[in-house]
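If you read the sequences in order, they're chains A and B. The C-terminal position of the first sequence is numbered 346 in UniProt numbering, with every residue numbered one higher than the one before it. The C-terminal position of the second sequence is numbered 124 in UniProt numbering, with every residue numbered one higher than the one before it.
To be clear, the hints were calculated from the coordinates, so they are not data collected in a lab. Among the hints, erroneous ones may be present.
[Stated by the list, open to error] Partner residues aside, some chain A positions facing chain B, computed with beta carbon under 7 Å:
1. Leu78
2. Asp88
3. Ile90
4. Ala92
5. Glu96
6. Pro98
7. Phe99
8. Arg100
9. Ala102
10. Thr118
11. Leu120
A virtual CB, placed ideally from N, CA and C, is assigned to each residue, including glycine.
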Amino acid sequence: MNMLRVEEEYVQQVYSRLAAYSNTKEAKPTSPRVWPRIRQFLEELNKGSVVVDIGCGEGKYRIPGGVILGVDTCADLLVKVPRNGGVDYILADGLELPFRRASADAALCVSVLHHFSTELRRRDAMQQLANVLRPGGKALVYVWAFEQPNGTFPSQDVLVPWNLHETALNGRLPKVKFHKESTKEQRIIQSSIAVEIVNDEAASCPSPSWFSSFVERFRLLRKPSLDLPPAAPSFNPTPRSSSTILTGIRKWSPMLGKRLASLLIPVEEQLADEMTQDIMQTALQEALATLRKVTFYRFYHVFKKGELEALISSIPQLKVLSSQFEHGNWCILAEKVPDASKLRVI
Amino acid sequence: MKLLTHNFLSSRFLKNVATGYPLLLRVNEKELREVEFDQDFVQNIMPKVDYNCLVSTLMAIGEQGALPNELPENWRENEELLKELHRVLVKIEVIVGELECPESGRVFPIKDGIPNMLCQEDEC
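Input sequences plus hints: build the corresponding full structure.
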């Protein structure tokens, strides 16, 4: 299975970096917000249920009397999560779920499927989910919708900004200034960037140039003259420019400037070394993120009406039980039917 | 990683691996967590557990204790047995160790209590 660069750069690496700014361990053990439909889904499960949570992130779901197996590709996030029972974490890919077949009573896939970059991969993810469910097992799938009450996406495949100055710090959301007639959600949607994912099915008949040409094929739709934004800001510091930035940071925060300077000075002495650039880049990124002026971009494929239903229905073992639109998301409850190949047609 | 979790893990996603189960477990560091005994939980979860996998794994890590090789018919009424099952399923935490695919020999490390089941593109 090919790991596409867009997912690596605009999904996995971004979540890793964002993990650096979440203070999970110090956060108060307040119960995180769980969408009512998910809470209901979990509460209705039989006692002793085994639930696979695909793309669990910080693993905020619990089921009394059962067990949750949380799967995520982001190691930086998983190691920060406090282990307080109820959830066991596994570092694994949703396209290669590491569980025995037909072993789970239920599966959750909340706000994850929209990060896969092609239809083939999204379908694979649902097939994997179907494989781990036992017959009669249920799945709840949430994806971000193309149809938004507060704005219009420029395309179904988009890079969506995540502004760090709007993320929670110490478990509290900082005050966000609301512009007149513009919500945070509207601004995020409006500043998202349309991209074109070229069908990667061609990857199954390998050509040596495929990978190197991928970046060119993954391009901006709206402003073809512009380059893609980096997943996170980067710098190529020279002694001059870094000291300029440093001066700027000192103005913002003398403490931070001091800390940064101590990082930079020994670094400058060995600037020829390529590693220094990495170190400086990380230090500067952290500093700027602390100032919360950094924007991260994440890749999304936002789903049109009926698309998720069609995708799930295309898996022979899955049957859609209900489909809803909820706060800008499409949500589907599905059930695993016995393997079609074992059914006798009368 | 709890042994209950290990009971569900498989490396069947690897290329040329059919079932990849059970994964061989080696433990370098483990802890015994304080978890309150919950009889209902054990009674409800046991039908989902592959008992042979559980016993062979316990044997491999030297934790079989008083558990019989085969689950007796009346296990639901045997409180001593339920308590021992509870201990091995959810109280033992593997912190550092590794899992090995029984078919290909591929090793997956366990660090900070988290098994790393990620693989390279050409492995699956």
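Now the hints, each set against the structure:
no.: 1; hint: Leu78; in the structure: holds, 5 Å
no.: 2; hint: Asp88; in the structure: holds, 4 Å
no.: 3; hint: Ile90; in the structure: holds, 6 Å
no.: 4; hint: Ala92; in the structure: holds, 4 Å
no.: 5; hint: Glu96; in the structure: holds, 4 Å
no.: 6; hint: Pro98; in the structure: holds, 4 Å
no.: 7; hint: Phe99; in the structure: holds, 5 Å
no.: 8; hint: Arg100; in the structure: holds, 4 Å
no.: 9; hint: Ala102; in the structure: violated, 11 Å
no.: 10; hint: Thr118; in the structure: violated, 15 Å
no.: 11; hint: Leu120; in the structure: violated, 15 Å
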